[in-house]
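**Q** Sequence:
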Amino acid sequence: MTERKAIESWLTDMDGVLVHEGVPVPGAPEFVNRMKTSGKPFLILTNNSIYTPRDLQARLNRMGFDVPEQSIWTAALATAQFLADQRPGGTAYVIGEAGLTTAMHAAGYVLTEFDPDYVVLGETRTYSFEAITKAIRLIDGGAKFICTNPDATGPSNEGALPAAGSVAAMISKATGVDPYFVGKPNPMMMRSALNTIEAHSESTAMIGDRMDTDVLCGLEAGLETILVLTGISTREEADRYPFRPSRIVNSVADLIDEI
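Each number in our numbering comes from the position in the sequence shown (counting from 1) with 131 added on.
In short, the hints are calculated from the structure, not lab data. Small disclaimer: the values here were computed from a predicted structure and weren't measured. It cannot be assumed that every hint is accurate.
[What the hints assert, rightly or not] In silico DSS-like cross-links for lysine-lysine, where the CA-CA straight-line distance does not exceed 25 Å:
1. Lys171 to Lys136
2. Lys265 to Lys304
3. Lys304 to Lys275
4. Lys136 to Lys167
5. Lys275 to Lys265
[To be verified] Distance ranges between label pairs, derived from CB positions:
6. Glu261 to Asp309: 28 to 34 Å
7. Ala137 to Lys304: 44 to 50 Å
8. Thr168 to Arg371: 15 to 21 Å
9. Asp385 to Glu261: 44 to 50 Å
10. Gly272 to Asp197: 44 to 50 Å
11. Gly272 to Glu139: 44 to 50 Å
12. Glu244 to Thr365: 18 to 24 Å
13. Lys304 to Gly273: 17 to 23 Å
14. Glu261 to Arg375: 27 to 33 Å
We put the CB at the ideal spot given by N, CA and C, even for glycine.
All chains should be modelled from the sequences, with the hints used to inform the complete structure.
**A** Following this line, the structure appears as C-alpha cells:
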C-alpha cells in the first residue's frame, strides 16, 4: 500500500464509532478529548439530518463527550451548502426536521411549496403521506430532486425504521426521477467536511464502522480510511468488498495514542 503522509486532521462517523445504541463506545470520550486538546482539526460526521449540530452537541454532552458545536458536520449541513453553491438564494420544498430546515434557512434558502427550485428530502420521525404526495407533484412539475442521504433504514429501540433512502425510492418510482444524494457514500460529504476545517485529503483520516458508506466515501475522497469493529461491518464482511480500508482496528480507543 502506498505510504501516506502523517495524519494531521481527523474525520469520524458518530453512530457505531463513538456511540453504539445510545451508549458511548469504551474509550470514545477520551479519544474525542484527545482530538480536541491536540489542536488538530477534526469533525464528527453523521448522515442523520434530523438534528442540528447544537442538538447533537447536547446529546453527546449527556453521554460524557465534550464536543464543540462547530466540530459536528451533518448531511443536512452538507446538503444546504451544496445547494447554496449550486443555486444561491434558491427555493426548496423540504421534507425533514429542524436539522435540515435550519441549515437550509442559514444557507439563504426560502422554503416554499409553490414552484420551488428543488424538492429536498431528509430524515424525519414521521413521514407524511400528504408531504410525499406534494413532493411527487412538485417533481413532476419540474422541481429537481435532492436527498440528504441514501440510507434505506435507521435504528430504533424497536428495530429498523424506514429512512430517507426508502422514501426517496418511493418518490422515484412515482416520478421516474432519481434524487442526487449528498451524504455518505457521496465523496461530496467528505469534500465539504474537509473544506470546513481547511484540511487536505492526503493528511486526513476517516474513521467509520461501515464499509459501504464510511470507508467507501473516505476512499473515493482520497483519505486514509480506518474501519472500527464497534458498529455494523465485521472483519469478515470487510473481506468481501472489492475495496479495502487502509486498516482495521477494534475501536477508536486503539487510536488515542496516535493523536
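**Q** All hints, please: hold or fail.
**A** Here's how the hints hold up against the structure:
| no. | hint | in the structure |
| --- | --- | --- |
| 1 | Lys171 to Lys136 | holds (15 Å) |
| 2 | Lys265 to Lys304 | holds (15 Å) |
| 3 | Lys304 to Lys275 | holds (15 Å) |
| 4 | Lys136 to Lys167 | holds (21 Å) |
| 5 | Lys275 to Lys265 | holds (13 Å) |
| 6 | Glu261 to Asp309: 28 to 34 Å | violated (23 Å) |
| 7 | Ala137 to Lys304: 44 to 50 Å | holds (47 Å) |
| 8 | Thr168 to Arg371: 15 to 21 Å | violated (38 Å) |
| 9 | Asp385 to Glu261: 44 to 50 Å | holds (48 Å) |
| 10 | Gly272 to Asp197: 44 to 50 Å | holds (47 Å) |
| 11 | Gly272 to Glu139: 44 to 50 Å | holds (47 Å) |
| 12 | Glu244 to Thr365: 18 to 24 Å | violated (44 Å) |
| 13 | Lys304 to Gly273: 17 to 23 Å | holds (19 Å) |
| 14 | Glu261 to Arg375: 27 to 33 Å | violated (45 Å) |
Violated hints, listed in ascending order, are 6, 8, 12 and 14; each of the other numbered hints is respected by the structure.
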